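Got chain P; can you put chain C on it based on the hints?
For the protein sequence lines, the chains are P and C, in the order given.
In case it helps, UniProt numbering puts the first sequence at residues 1 to 283.
In case it helps, UniProt numbering puts the second sequence at residues 1 to 283.
Honestly, the hints are just simulated from the structure, not real lab data.
Note that the structure is predicted; figures quoted are calculated from it, not measured.
One or more hints might be untrue.
No copy labels: a pair is met if it fits in one copy or bridges any two.
Claimed, not checked - Once the Cα atoms are required to be at most 16 Å apart in a straight line, the calculated EDC-like pairs of lysine to aspartate or glutamate come out as: (1) 199 / 264; (2) 101 / 204; (3) 199 / 268; (4) 259 / 195; (5) 224 / 156; (6) 275 / 204; (7) 275 / 206; (8) 185 / 110; (9) 277 / 181; (10) 185 / 18; (11) 196 / 52; (12) 259 / 106; (13) 188 / 268; (14) 259 / 52; (15) 33 / 19; (16) 224 / 18; (17) 277 / 206.
Below, each chain spelled out in residue letters.
There are 2 protein chains.
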Amino acid sequence: MAKNDDGSRVRNALRVGDELPDPGSAPVGPGKKAKALDGLESAGERLSALQEALFAEGVGGGTRRVLLVLQGMDTSGKGGTVSHVLGLVNPMGVRYAAFKKPTAAERRHEYLWRIRKQLPAAGQLGVFDRSHYEDILVPRVSGLLTADERQRRYAEINAFEQELADAGTTVVKVFLHISPEEQLKRLKARLVTPEKRWKYNPGDLEARSHWPAYQDAYADIFEKTSTDRAPWYAVPADHKWYRNWAVAELLIETLAGLKPRFPEPDYDVDAELAKLKGVGVSA
Amino acid sequence: MAKNDDGSRVRNALRVGDELPDPGSAPVGPGKKAKALDGLESAGERLSALQEALFAEGVGGGTRRVLLVLQGMDTSGKGGTVSHVLGLVNPMGVRYAAFKKPTAAERRHEYLWRIRKQLPAAGQLGVFDRSHYEDILVPRVSGLLTADERQRRYAEINAFEQELADAGTTVVKVFLHISPEEQLKRLKARLVTPEKRWKYNPGDLEARSHWPAYQDAYADIFEKTSTDRAPWYAVPADHKWYRNWAVAELLIETLAGLKPRFPEPDYDVDAELAKLKGVGVSA
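Pulled out of the complex, with its shape left as it was, chain P reads as follows (with noise of 0.2 Å):
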């Protein structure tokens, strides 16, 4: 199991470099699922932890959040990691948004427009399940992008990014990576099962379709947008428990490198005891 106290250990193994690893592998950590059950467990109580003195900190005036943007093809496990990693942490300072498909009146604005209505506040722990890289992945593929358009909105993109950053926003993007022939599990899975058919979407095999030109657009945009102040990892996703653990140890690494700290009161500790003692209720 990953030490957070050594700093980046599973972040250093997980950035994105020139090759991914494979969907099925276990590049840093648990290899086997009896472990990583173990170890999220225990990852539980110090992203809890970690994540209440953050909102401590935002209480007491600070401006630091975090924001985890989840990405990866359909079935990739963005719902399983946010019920089973996010679920670890106190709702009150976690705040989850989906982008689906834009609807008629986002469209109206521009793309960024309804992300950053989104955007987590101090203290908060905000999770994107999918994103404004969407807003490049579909019209590339779909041949809607120029590649001029294309440039300006990465320059865009790292522009945003870099507002968040200068705001006190650590983000963390995460690649759910799967392989083909894991989706085509996962799809049937949804399929022959009554309680996941509501999951499946016929457009699923749209995309599943282009596969290979996923694959290109997101490398191109790893290339393109994968700086210091807003790396992407890439999480080897064939294997749930390998995903949710690799998930909470970025997260755990993330928030400990911050170092949140409960804020110092802002009255006089002992001359509130003193008044406390004065408080005589008859209910």
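Chain C in isolation, oriented as in the chain P frame:
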């Protein structure tokens, strides 16, 4: 432990009546901590399953949703309830909103304006940590609301909650009922524990000094606004284990009563399965 199959056992027992239960009591369900903690663990599974079904129903076009309103004196455990009870379910399906003292910008709108902005969407479980009821409580105790204005607000709030019910929202209003003695202990604990000091606010003592006035204001609220479509429940909250158990069971009974259903697919399952077999991806 309460069976949620038999409908409304916990709801019936905790619905506000002429007299509130003792804050240290356990009027229904487990009377001991260990049993309540076991119950809460199993509640997690039941609540998660029901919430997922409601969420799925919403994805399938359903409009039903649930709104949990949490009220209570400072330290009564609104935050703890969110962490321990709402923390049991998938963050995707939870919409949490805290209502603090209105900001200058909020005060330029009528008091329900900021409340409406935070209402849950279809399939969501909304949670209000304080609510529009603060807009009766605080001005009433401060002497800023005439009896006429108060009656008007009751009428407005009842009309608002009727509107919510008509639109498919099941409202569950919970008063976390603590004793002044327990509050004293909790305030003291916040002051003497450095990591808890951020939760303490000198203004808490001001509200505490008006304890009987707040209890009167709550009694009046229960009388005027506890309706069949949006009932008030009084949860004894001196014991955190009882409070968590009781709120979880109230939610379970409420959700079970809705009988949320996974939607029927709006596509041809067999046709999709056949298409799936035909899709080969060379990644």
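Exercise. May I ask which of the numbered hints given earlier this structure violates, with the numbers listed in increasing order?
Key: Violated hints: 8, 10, 12, 15; rest satisfied.
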